[in-house]
Structure formats: C-alpha cells, structure tokens
Amino acid sequence: MDKTILKAIAILAVLGGLLAIPRFVDSPYALHMMILLFMSVMMGQSWNILGGYAGQHSVGHAAYFGVGAYTTMMLMHTKQIAPWIGVWAGIALVVVVALIIGSICFRLRGPYFVLASIAVAEILRLSAINLTTLTNGAEGILATELPPFKVGGAIITDFATKVPFYYIGLFLVVLTVGVTYLVQHSKLGYFFQAIREDQDAAHSLGISISLYKNIALVLSAVLTSLAGSFYGIYVGFVDPPTVLGLDVSVQIMLICIIGGMGTLWGPVLGSLVLVPLSEALRSNMITEALVKIGLVSPESKIGIFLKENLSHAHVLLYGILVVVVILFMPDGLMGFIKKLAKRRKQEAV
Amino acid sequence: MRKHLLALGASLALSPCLLAQKIGVINSMSGPEAPIGENITNGIKLAEEDLKKKGINLQLVWEDDTGKPQISMSAMEKLATRDNVVGVVGPYTSACSNAVAKLAEKYKVSLLIPAAAKEEITRQGLKHVFRMNAPADKYASSLIDAALSLGKPKTIAFVYENTDFGTSTSKTAKDYVATKGIQVVSDVSYPKGSADYRSTLAQIKSKNPDLVFMVSYVADAILLMRQSKEVGLQPQAFLGAGAGFTTTEFAKERAISESVISCTQWTDDVSWPGAKDFGTRYKAKFGKEPTYHAACAYASMVIMAETARNAGGDRAKTRDALKAGQWNGVMGEVKFADYEGFTNQNNHQMLVQQIISGNYETILPTKFATKKAVYPFPKWK
Amino acid sequence: MAVFMQSLISGILIGGVYALIGIGLTLIFGVMRVINFAHGDILMVGMYLTYIIFTMLGIDPFVSVLITFPLMFLFGGFLQKVFINRVLNALAQNQILLTIGLGLIMSNTVMLIFTSDYKILTTSYSSSTIQVGGGVSVSTPLLISFLITSAITAALYWFLLKTDTGQAIRATAQDRDAAQLMGINVKRMSIIAFGLGAALAGTAGALISPTYYIFPQVGGVFTLKAFVITVLGGMGSVVGATLGGILIGVTESMSAVYVSSGWKDVIVFVLFLLVLLFKPSGLMGKSRT
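From first to last, the protein sequence lines are chains S, R and U.
Note that the numbering used here numbers the first sequence so that position 256 is 272, with each residue one more than the last.
Note that the numbering used here numbers the second sequence so that position 262 is 336, with each residue one more than the last.
Note that the numbering used here numbers the third sequence so that position 61 is 133, with each residue one more than the last.
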C-alpha cells in the first residue's frame with residue numbers, strides 16, 4: 017500500500033482515539049494533563065512556522081501568547097464579552113502587534129533579531145505591569161466564571177467539567193498541525209525554507225523576503241495568541257510574569273527545538289516528552305514508581321534522598337536534559353530518530 | 075465490583091486509628107518564589123513531627139507548583155482525584171491560590187491557604203477555600219493606624235515593588251490614607267531586584283514627607299533602607315510592609331534598620347500559645363529564624379490534620395468542621411469567619427512592631443506590646 | 073539640583089559595575105559569536121564564591137576579587153572547553169538554548185547546596201557614605217567598586233592592546249578564519265576569552281555583593297541588562313561596553329526620577345531597539361553584517 021495512505025490511516029486512528037478518550041477516561045487529572053499537552057503542542061507548533069520553517073528564531077513569542085491571553089481575559093472581565101468572541105479581538109490585535117514587531121525585528125538578522133524579539137516582549141510585559149487601568153497591572157486578571165456556550169439558545173456546554181476544554185484543545189491542535197501541514201506542502205513553505213537556507217539567494221531569486229517573513233510571523237503569532245487565549249480561559253487567571261515572561265518564550269522555543277525544528281511532528285514529539293517528564297519529575301512520581309516496582313525501598317537512604325530532593329531538583333534535571341539534547345541531538349528528537357532510521361537502512365543494505 | 079471496592083476503601087478510611095491522614099501540600103519549592111516557599115515547607119515539616127507526637131500520623135503528598143498557576147492546577151487535580159487527599163494546605167502565591175481555589179470548590183476538597191495575600195481569593199464565596207493569614211489590606215490599615223496613634227503625620231510617600239503584593243498593598247493604603255486626611259506626595263513603584271534606588275529616594279527626600287511607606291517582599295528592604303540613609307531621607311517614620319522588613323537579616327543591619335516600623339502576621343515573642351516554643355524549635359531544627367509564613371503554614375497544617383482526623387478522613391465533614399471550629403495556637407485565635415465580603419477568612423490580628431536595639435518589639439496592639447514605640451524616627455548618624 | 077546630581081553620580085557609579093558585566097559578555101560574543109544567556113548565572117556563581125570566602129575565611133569582598141577572578145577564569149574556561157566549544161558552528165538558537173540550560177543547571181545546583189534563602193553580606197562599610205556637599209552623598213562601597221572596575225578595565229585594555237595573547241584574541245574576534253590561517257590557536261583564544269568573560273562577570277558579582285543581596289535566581293536581571301549594554305556599545309567592542317554600561321546606569325537613574333521608576337526599564341529597552349535599528353553596529357562598534 018502507498019506510504020502516504022498508511023500514514024493518513026494512522027493519523028486518523030490516533031485522532032479517533034483522542035476523540036474517544038473522554039468517553040473512557042473520567043480522571044480529571046488525566047484530562048488536565050492532556051489539555052496541558054495540547055497547549056504545549058500548539059505553542060511549539062506555532063513557533064515552528066516562524067522559527068522552524070522560516071528560520072527566524074524569535075525568543076519573544078510570549079508577546080503573542082500574552083496579547084491573546086490578556087485581550088480575551090480583559091474583554092471577558094470588564095465587558096462581559098464571551099471568550100469565543102473575545103478571541104477574535106485577540107487575533108485582530110495580535111496581527112497588528114505582529115506587524116509592528118515584524119517591522120522592527122525583521123530589519124535585523126541572527127543574534128540581533130533574537131535580542132530584539134526579547135526586548136519587544138519585555139516592553140510588552142513591563143507595559144502590562146505599568147498600564148494598571150487597562151490591564152490591572154501586576155495584580156493580574158481573575159475571571160473564572162465562563163458564560164455557557166450557546167448555539168441558537170440551546171446550551172451546548174457550561175464548562176463545568178474538563179471535557180469541553182479537552183475538545184477545544186484537541187480542535188486547536190488539529191488546527192495548528194493542519195495549518196503547518198498546509199504551509200509545508202504549499203509554495204509558501206518552499207519560500208519560507210528558501211529564506212531559512214539562504215536569505216540572499218532567496219532574494220536574488222525574486223522572493224520578497226520581507227513579505228514572506230511577515231506572513232510566517234503573522235501565522236505564527238495568530239496561532240500562539242489562540243494558545244494564549246485558551247490558556248487564559250482554562251486557568252482563569254493571567255498576570256504579566258505568567259503569560260508575558262521571558263521563560264514563556266523560552267518554553268515555547270524549547271518544545272520545538274527538543275522535538276525537532278522544521279518538521280511537522282517535531283513539536284508534537286517534543287510535547288509528548290517534555291509535558292509528562294516535567295510532571296513526573298515535579299510530582300515525585302518517579303520515586304513513587306521506583307518504590308512500587310520494588311527497585312528502591314521507601315525507608316532506605318536512597319529512597320529518602322530521592323523523595324526529599326528529586327522534586328526540588330526537577331528544574332536542574334530539566335536543564336541537564338536541554339544541554340544533553342543540544343549537544344548530542346542538535347536536530348532534536350525527530351532528527352535523532354531520522355538519523356537512526358537512516359543508519360539502520362544503510363546497515364540493511 | 076468497583077462500587078464495592080470504593081465502599082471498602084471508604085470504610086477503611088473511616089477507621090482513624092489505622093490509617094494515616096492523607097493531606098496534600100502545594101508549595102513553590104523551586105522557581106523564583108522558592109526563597110519564601112522554603113519557610114512554608116519547613117513549617118509543615120515541623121507540624122508533621124508535632125502531630126506524630128500527638129498520635130496523628132500524616133501521609134503528606136508534596137507538590138511543587140514552581141510558582142506557576144497552571145502547574146499548581148496540575149498539582150490540585152492530582153491531589154483531588156488521583157491521591158484522594160482529605161484536604162490541601164497551600165499554595166503559597168496569590169496567583170497559584172487563585173487558580174487552585176475554584177478546583178477545590180469543584181472537587182469539594184478543603185483548601186487551607188496559609189499565606190497568600192490577595193483579598194479576592196476569599197471574596198468569591200467559595201465554600202471550600204479557607205485562609206489563615208490576614209489579606210493585603212490589613213498591612214496598610216495596621217501600619218497607618220499605628221503612625222496616626224503615635225504622631226500627627228500630614229504627608230506620605232509610597233515606594234513599592236511592582237508585584238501583585240506591592241501594588242495591591244499600596245493601593246489599599248492609598249485609599250486608606252485618603253479617609254484619614256493624609257496627603258500622598260510621592261507614589262513610586264520599582265521593579266523587584268533593582269540595585270539602585272538612590273535617585274528615587276533623593277527625589278522623595280526633596281518632597282520631605284512625614285511618612286515613608288515601603289512595600290518589599292524580599293531583601294530589597296535592606297537596599298531601600300541603606301540607600302535612604304545614604305541620601306539622608308528623614309521622615310517621622312519609616313513604615314515597612316511585607317516580609318522584607320520582618321527578617322532577622324534586616325534587624326541585624328542595625329545601622330539602617332533601627333526604629334523602622336513594620337507589621338507582620340506573627341512573631342515569636344507574641345503571647346500566643348506555643349509561639350515562643352515554635353520559634354525555639356524551628357531555629358534548632360532548621361538553623362534559622364522562622365518567618366510568619368512558617369508559622370502560618372505550621373498552624374494551617376495542624377488545624378487541617380486535626381480536623382481531618384476528627385472527621386475520620388471524610389471530605390465533607392472536614393470542611394464543615396473547619397467552618398465551625400475554633401482554635402488557639404501559635405497564630406493566636408483562629409476562626410474561619412464570613413465578614414466584610416470575605417468567606418472562610420480568619421480575621422487575623424496583625425502585629426505592628428518596631429526594631430528597638432536590634433530586636434523586633436511589638437508596639438501595637440497594646441495588649442501584645444513589649445516595648446514603647448520610638449517616634450519620631452531618630453536622626454541618621 | 074541636588075536630586076539631579078545625586079541621580080547622575082549614583083547612575084555613573086552603578087554603571088561602572090554594569091560595564092564590567094557588559095565587557096565580559098562582549099568579549100565572549102566578539103570572539104565566539106555566541107550569545108551567552110548564562111552570563112547572569114555566572115555572575116551569581118561569583119557572588120556565592122565571594123559569600124563563601126567572606127563567611128568561611130573572613131576575607132573582605134573587595135580583597136577576595138584576587139581569588140574570585142582566577143577561579144572564575146578557570147570555571148569559564150571549563151564551560152567553554154566542555155560545552156560551548158561543541159556548538160560554535162551550530163545554529164544560533166541551539167547556542168542560546170545550551171547556555172540557557174547551563175544557566176538552569178548553575179542556579180539550581182546552587183539552590184540545592186545553599187537553599188534558596190537570600191544571603192546578605194554585611195561589611196563594616198556596607199551603609200557608609202561620603203558627603204560631597206550640596207546634599208549629595210556617595211556610597212563608599214559603590215565608590216570603591218567603581219575604582220576597582222576602572223582599574224580592571226584599564227588592565228584589560230592594556231592586555232588586549234599590548235600583549236601577544238591580547239592581540240591574538242582581537243584578531244580572532246575580527247576574523248576567525250583569517251586568524252586561524254595566520255597560525256593563531258583559535259581554540260585556545262576562545263577558551264581564554266570565555267574564561268575572561270566569566271572572570272569579569274564573577275568579579276562584577278563580587279563587587280556588588282556588599283551592597284546587594286544574593287540568591288540563586290539573581291542572574292536573570294543581569295543577563296538582560298548585559299545584552300542591552302553589549303548591543304548599545306556594539307557587540308564585541310570593549311570600549312563600547314564600558315560606555316554602554318555607564319550610559320545604562322545613568323539612563324536608569326535619571327528616568328526613575330524624571331519619567332517614572334516603573335517605566336525606566338521600558339525606556340532602556342526602547343533605547344536598545346532604537347540603537348539596533350538605526351546604528352546596529354552599536355555606538356562604538358565598526359559596521360559588521
């Protein structure tokens with residue numbers, strides 16, 4: 017059978033499985049982790065369009081994440097505008113913000129572009145702190161009461177459980193992955209990659225560098241802002257450090273780079289590794305598991321040491337993971353897997 | 075079959091002598107909030123020991139939220155639905171507490187917040203959310219009332235960190251001074267962790283305010299006071315809100331901290347039962363002075379554990395007992411009451427203290443006072 | 073007028089320390105074209121080193137620079153040889169992530185050892201001042217650290233301009249390939265440059281210890297500041313970083329008074345963007361694309 021058909025069947029099967037999960041899993045904790053996973057995929061994949069395909073490595077994506085989250089939350093909090101309407105305002109605003117940022121940052125290349133993207137995001141974060149009348153400043157916006165989602169008077173869902181969030185998250189993941197797929201398989205994707213590989217050569221071929229960079233940026237920013245809006249609605253609280261902080265930008269970039277930039281499944285793979293891993297490290301589940309399978313006794317010195325320190329050390333382990341991946345898998349997990357597969361093929365021959 | 079197992083589990087849980095009480099802890103153990111989170115961790119560890127001595131065995135499930143609301147939510151989901159804890163003590167920060175409060179309500183798990191300052195948390199009418207400490211507005215009113223009882227200040231300058239705690243504390247303080255006829259001559263927020271405040275302080279000095287109200291949660295307090303001395307800022311009183319002004323490190327800097335008035339939720343010289351003893355044992359165990367966070371966390375855990383034990387590990391009964399109960403311990407009298415729009419909020423008595431001869435001495439309220447206040451602020455040497 | 077003079081003087085003095093941080097970063101960038109996101113964390117390591125030396129051996133922070141500088145040099149050389157060296161030809165974002173990862177490892181290791189408590193290093197002169205008249209005062213420790221900074225910067229100029237190694241480092245910074253063809257041991261120069269960069273950051277950490285406070289996550293603030301200073305002065309330009317540091321110090325200090333202290337960092341970042349846009353080579357740098 018044709019390889020692409022096989023692939024399509026596999027994807028549909030996975031998607032079917034994901035759609036069915038809430039029917040069989042009633043643990044809200046598991047659903048919550050899935051929702052965090054979806055957010056992570058969205059964030060990584062959105063960055064991928066600009067960073068992975070077009071080669072513009074922004075370390076300021078918190079700007080778009082934060083603008084999306086803030087706009088939706090502000091409209092819901094002060095004007096009682098439902099988030100599924102507010103999200104469009106967020107998108108409109110983020111397009112404007114992205115074009116302004118693009119007009120500044122795209123004049124620069126390489127490390128200068130990176131630093132400018134950080135500076136712009138920091139300016140937005142500091143503005144959110146200082147424009148207290150607009151954003152409520154450092155106190156943040158708390159809006160936990162979601163209006164029920166109605167279609168023609170009938171209530172579809174009142175957001176009492178995780179299930180509606182799960183499906184919204186899944187839908188947004190399909191959307192972002194779908195957009196990336198379309199980009200990858202269109203002329204747009206080729207232009208992006210031409211710019212990434214050699215900007216000057218692309219220019220001499222008559223590709224409008226600034227036009228395509230801006231298209232990549234706007235696509236990436238809009239999808240990131242959707243992720244931000246989703247975050248705001250789901251968590252019910254936004255404040256400057258949690259949605260506009262530098263570590264948000266780094267996190268977004270990390271998902272994609274660990275997974276593999278410029279590949280369709282890289283950010284998915286990156287999320288599949290990072291989200292469960294950091295949760296397991298954080299909540300001491302690794303120690304629990306070691307105890308359960310009898311490798312470590314909970315009363316032994318090692319058991320106590322792990323229990324006391326592992327959850328404190330999880331950011332340390334995270335840092336080590338980053339260093340190891342960058343040094344030994346510079347093309348991310350996807351690149352690593354491809355290399356292994358290639359080697360196996362060669363050995364087979 | 076599943077139902078039977080559940081029933082079996084429930085009946086086992088109902089025999090209090092056999093099983094340890096399973097209680098969750100959510101705290102910022104790593105990340106930028108970790109320096110304060112550590113005090114909470116220590117307070118809870120001491121509570122665990124003391125409870126064991128009283129014959130209450132605890133099975134604590136520790137969760138680090140790294141100071142991020144969404145991670146805090148992960149922790150709460152896990153505690154409520156996977157670990158099936160009776161109640162939860164934490165989280166530390168206001169942002170995390172806000173995110174977690176609605177989950178506590180949803181899963182009907184009692185959440186006892188030890189030290190988050192934001193007023194809104196207990197103003198949403200949530201039945202399962204309790205708070206031990208006094209919220210941010212109390213800092214402002216306690217300090218300004220203290221200054222008004224000592225002298226006749228006419229003007230005030232505000233310097234505060236541009237964080238949630240700093241902004242909300244100074245906001246309530248500004249509202250409060252307006253009702254007392256004190257004029258605000260300067261209103262400055264600063265980013266936490268700046269190295270240089272001299273220009274700002276020199277500017278405030280030129281306005282010559284009667285009171286200088288500072289909010290600092292961390293060691294910025296020492297920098298602010300050092301640099302106030304450098305530029306010769308000389309008000310009638312320095313009022314310090316936030317943990318930065320209530321650490322022993324701060325008191326040890328006698329050249330700059332002497333006579334500064336601050337307010338706190340707790341000190342070890344207050345006549346609340348066990349407060350002194352808690353302070354001594356905390357120092358012996360962890361090699362440093364306890365902060366009010368540690369005391370709040372300690373008291374919260376003790377109350378949660380005893381209530382859970384008496385309720386036989388039942389979530390609904392625990393919540394009702396928390397609501398109905400009354401305690402007297404290291405935090406003084408504790409009762410989770412509904413007042414002024416708050417729900418389940420302990421109307422905690424703030425203590426106003428002043429550094430006299432390098433020690434924190436309580437000066438207000440009078441029934442806890444250990445020394446007479448020094449006012450106005452003596453001339454810089 | 074007193075307010076103006078006070079702001080100007082303290083801005084210049086604090087700017088001196090910023091300059092030291094910026095020079096370290098600019099050296100590293102100049103020679104290796106790597107943006108070091110762990111720069112603030114290296115500074116933090118220097119602070120803890122100073123703290124240990126002060127509490128265990130009782131050596132004054134300003135004197136302990138003599139110990140901190142060589143130790144941090146070795147630490148920086150180690151980082152370069154083991155980690156940075158492997159990504160010299162990698163994509164920019166991989167270099168960035170590597171240094172971010174290294175920074176996380178540093179700050180969290182320190183947290184495991186020292187806990188995340190704030191450490192205050194109090195010397196007899198921590199809050200002493202010199203009155204210069206007109207109601208303007210100068211912090212003694214800040215003045216001493218400014219003088220030490222100036223001495224170190226002068227020594228560094230001499231090293232870069234007059235010694236063979238210094239000239240080799242500058243040659244490597246100008247054109248790595250050409251330098252290699254000329255027989256310069258480029259790898260060794262990189263190790264020395266990173267070592268020097270780390271030593272300068274560590275020294276800056278030591279110098280602000282008496283007037284600041286120490287905790288594992290302290291680095292973040294300084295990393296961003298170092299970037300701004302470096303770009304302002306022109307990446308790779310030591311003179312530029314010196315001026316950039318002082319300019320940032322004064323800008324912060326002045327805008328805190330004449331604009332608002334909440335917006336002062338915004339002003340710094342806007343200034344940074346303007347320089348990037350209209351004079352991307354920095355105030356002192358030669359044009360380079």
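Quick caveat, the hints were computed from the structure, so don't treat them as lab data.
Quick reminder that beta carbons are idealized off the backbone N, C-alpha and C, glycines included.
Incorrect hints may appear among the rest.
Which chain R residues face chain S? A few, computed with CB under 8 angstroms, are given here [as the list claims (entries may be wrong)]: (1) Asp138; (2) Gln144; (3) Ile145; (4) Thr155; (5) Lys176; (6) Glu193; (7) Arg197; (8) Gly199; (9) Thr237; (10) Ser345.
Rough simulated footprint, nothing fancy, chain S against chain R, three-plus residues with beta-carbon under 8 angstroms [stated by the list, open to error]: (11) 389 to 396; (12) 400 to 408.
Here is how each hint holds up against the structure:
no., hint, verdict
1, Asp138, "5 angstroms, holds"
2, Gln144, "5 angstroms, holds"
3, Ile145, "7 angstroms, holds"
4, Thr155, "5 angstroms, holds"
5, Lys176, "5 angstroms, holds"
6, Glu193, "10 angstroms, violated"
7, Arg197, "10 angstroms, violated"
8, Gly199, "11 angstroms, violated"
9, Thr237, "5 angstroms, holds"
10, Ser345, "35 angstroms, violated"
11, 389 to 396, "violated (count 0)"
12, 400 to 408, "violated (count 0)"
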